[in-house]
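J.: So the chains spell out like this:
Number of protein chains: 2
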Amino acid sequence: MKNAIRPTTIIKSVKLNRHLGCDVVLASETFQHTGSFKFRAGYNLAKHVEQDTILTESSGNFGQALAYACQLLGKKCIVVMPSTSAQVKVDAVRNFGGIAELTDVKVKSRRARLEELIKEYPDAYVASAYNDRHVIEGNASLGREICGLAQEINFVLAPVGGGGLTSGIIEGIKQCGKRIKVVGAEPKMANDASRSLQAGHIVANEQEPQTIADGARVLSIGNLNWAILQNGIERIIEVPEENIKTGLKLLFDLANLKCEPTGALSIGALLCEPNFFHGKTVCCVISGGNVDPSIYKELIS
Amino acid sequence: MKNAIRPTTIIKSVKLNRHLGCDVVLASETFQHTGSFKFRAGYNLAKHVEQDTILTESSGNFGQALAYACQLLGKKCIVVMPSTSAQVKVDAVRNFGGIAELTDVKVKSRRARLEELIKEYPDAYVASAYNDRHVIEGNASLGREICGLAQEINFVLAPVGGGGLTSGIIEGIKQCGKRIKVVGAEPKMANDASRSLQAGHIVANEQEPQTIADGARVLSIGNLNWAILQNGIERIIEVPEENIKTGLKLLFDLANLKCEPTGALSIGALLCEPNFFHGKTVCCVISGGNVDPSIYKELIS
Chain A
8 MKNAIRPTTI IKSVKLNRHL GCDVVLASET FQHTGSFKFR AGYNLAKHVE
58 QDTILTESSG NFGQALAYAC QLLGKKCIVV MPSTSAQVKV DAVRNFGGIA
108 ELTDVKVKSR RARLEELIKE YPDAYVASAY NDRHVIEGNA SLGREICGLA
158 QEINFVLAPV GGGGLTSGII EGIKQCGKRI KVVGAEPKMA NDASRSLQAG
208 HIVANEQEPQ TIADGARVLS IGNLNWAILQ NGIERIIEVP EENIKTGLKL
258 LFDLANLKCE PTGALSIGAL LCEPNFFHGK TVCCVISGGN VDPSIYKELI
308 S
Chain B
8 MKNAIRPTTI IKSVKLNRHL GCDVVLASET FQHTGSFKFR AGYNLAKHVE
58 QDTILTESSG NFGQALAYAC QLLGKKCIVV MPSTSAQVKV DAVRNFGGIA
108 ELTDVKVKSR RARLEELIKE YPDAYVASAY NDRHVIEGNA SLGREICGLA
158 QEINFVLAPV GGGGLTSGII EGIKQCGKRI KVVGAEPKMA NDASRSLQAG
208 HIVANEQEPQ TIADGARVLS IGNLNWAILQ NGIERIIEVP EENIKTGLKL
258 LFDLANLKCE PTGALSIGAL LCEPNFFHGK TVCCVISGGN VDPSIYKELI
308 S
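Which chain is which? The protein sequence lines are A and B, in order.
With our numbering applied, the first sequence covers 8 to 308.
With our numbering applied, the second sequence covers 8 to 308.
Errors might be hidden in some of the hints.
The list cannot tell twin chains apart, which means a pair is met if one copy fits it or any two copies do.
With a straight-line Cα cutoff of 30 Å, these simulated DSSO-like cross-link-like pairs (lysine-lysine) come out [what the hints assert, rightly or not]:
id : residue 1 : residue 2
1  : K54       : K185
2  : K304      : K126
3  : K22       : K54
4  : K126      : K113
5  : K83       : K115
6  : K22       : K82
7  : K195      : K82
8  : K188      : K126
Simulated from the structure, these hints should not be mistaken for lab results.
The model shown is predicted, which means the values in this text are computed figures rather than measured ones.
Please work from the sequences and hints to get the whole structure.
T.: Written out as structure tokens, the structure is:
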């Protein structure tokens, strides 16, 4: 585990700190294997399940992370993806030895295609990108790393999509016996986790929200994630699309860091609550860096 | 020294390795203070000269690096810059407490303005961005870091402008008693160092070459740098502009790394000589990340 997963990259920028009025410790997963934190989950899962074939549905980072993990571990990986997926994402899965099963979602949903494959591979393990204890435990490694930093951290700020990352970080911090507070950064357009916290139970979006933070486009958080987040997360900040974009550009301009829109959620959340974080030391998790150049070039303009 | 200078950021990318056919260890200085390796030089210089005022001319990374170093050390820093410099660069010097002396180069050259300031501040230290023993010794810290890597390195590949970086790396490696070969990556449009090696003496460009790698726009390498490079550098690869651009885009696409054109020279050189580096472990120094968004967005398209 320790040798396969790359330690997170700690980046600090005086320019960024001065701009934001707090001490920002960037924990960048953009240089993790396959370019996002998802490799922590994918590798831990592929290593610990006994099955030799793993099925999943993903149009993004989890697919290539799991494919590469399976390649390293000599397992078979099948990823159901919409046939409209960017070619670069399909190629990434295939180049890491995965089988990309493309489905025309107008004719057959990803879930329906996955159900077919489950019948075809009855012995396979079916992996969720967030609602899985191996995923949460894989992501816990990042929480443990943050606890190991020399600098004392007041808050960890991390994106919330399905809740796999934040629940993992909370578990990792707990394992170290520390009490660092974890704050979630969720797109306002996809605020199901925030609404769930308010309601006291899981609330789902009616449809997949089309936030620019495509890693957070989920219907709802998972029940395993909810069990941890319900009492473990300090709060969730709802981040408007504009702040996600500003966050991405600030990272480009002031920290020389390329990230994907989902990765900019934590900086976007800081921009929402300057008083809350003023003068604090905030570890902002930058979850991934895989972004289409055509989208990125617009965002840095 | 050790506490002020941030360790280089080591990044590895399976996608990049597979594309280039060798084992690339990126030593990225894009996350160094002020966004480039120049802070190593600036800090070492400001710390070791006895003068409290330091004068230099720079339109780029050395100016802001020296300004921040002086801010940290409580010294006064004056940077002569062309009045046509990008506002972001002028602001960077000023935000780090430096005095930006703008000169309209059509009326008065940077050198002429510097001469005036030397008369005005007779007790000041006049710093060259490369031809200075404190600069070379500051950059040597990167050579020592590379020697400390767990992995065995066959070649270090680093940009050549004035020769301050490569000469420093060579010195640092020598200090560690190692024999890692250093290869220079110089823009073909600004190939004075390469021609100097062939001629056996310093050869100068007739005018400042307008390569996209603006950090390498110098008339010639310095004599202190030459004394080290003449016998210490393995070879210099002349990199066409096209390969510099491709290198920058490969770092964006395959390694999630934002860099400035000068920083992409080492990957550009790898592209020039695939057979020479095939199967080797090559530490590519990515010298800096400060690039105008309008230039960057064109290069990643």
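J.: Hint by hint, say whether it matches the structure.
T.: Quick rundown of the hints versus the structure:
no.: 1; hint: K54 <-> K185; verdict: within (27 Å within a copy, 39 Å between copies)
no.: 2; hint: K304 <-> K126; verdict: neither (43 Å within a copy, 46 Å between copies)
no.: 3; hint: K22 <-> K54; verdict: between (41 Å within a copy, 22 Å between copies)
no.: 4; hint: K126 <-> K113; verdict: within (22 Å within a copy, 76 Å between copies)
no.: 5; hint: K83 <-> K115; verdict: within (23 Å within a copy, 68 Å between copies)
no.: 6; hint: K22 <-> K82; verdict: between (45 Å within a copy, 20 Å between copies)
no.: 7; hint: K195 <-> K82; verdict: neither (38 Å within a copy, 46 Å between copies)
no.: 8; hint: K188 <-> K126; verdict: neither (43 Å within a copy, 57 Å between copies)
Checked against the numbered hints above, the structure violates hints 2, 7 and 8; every other hint is satisfied.
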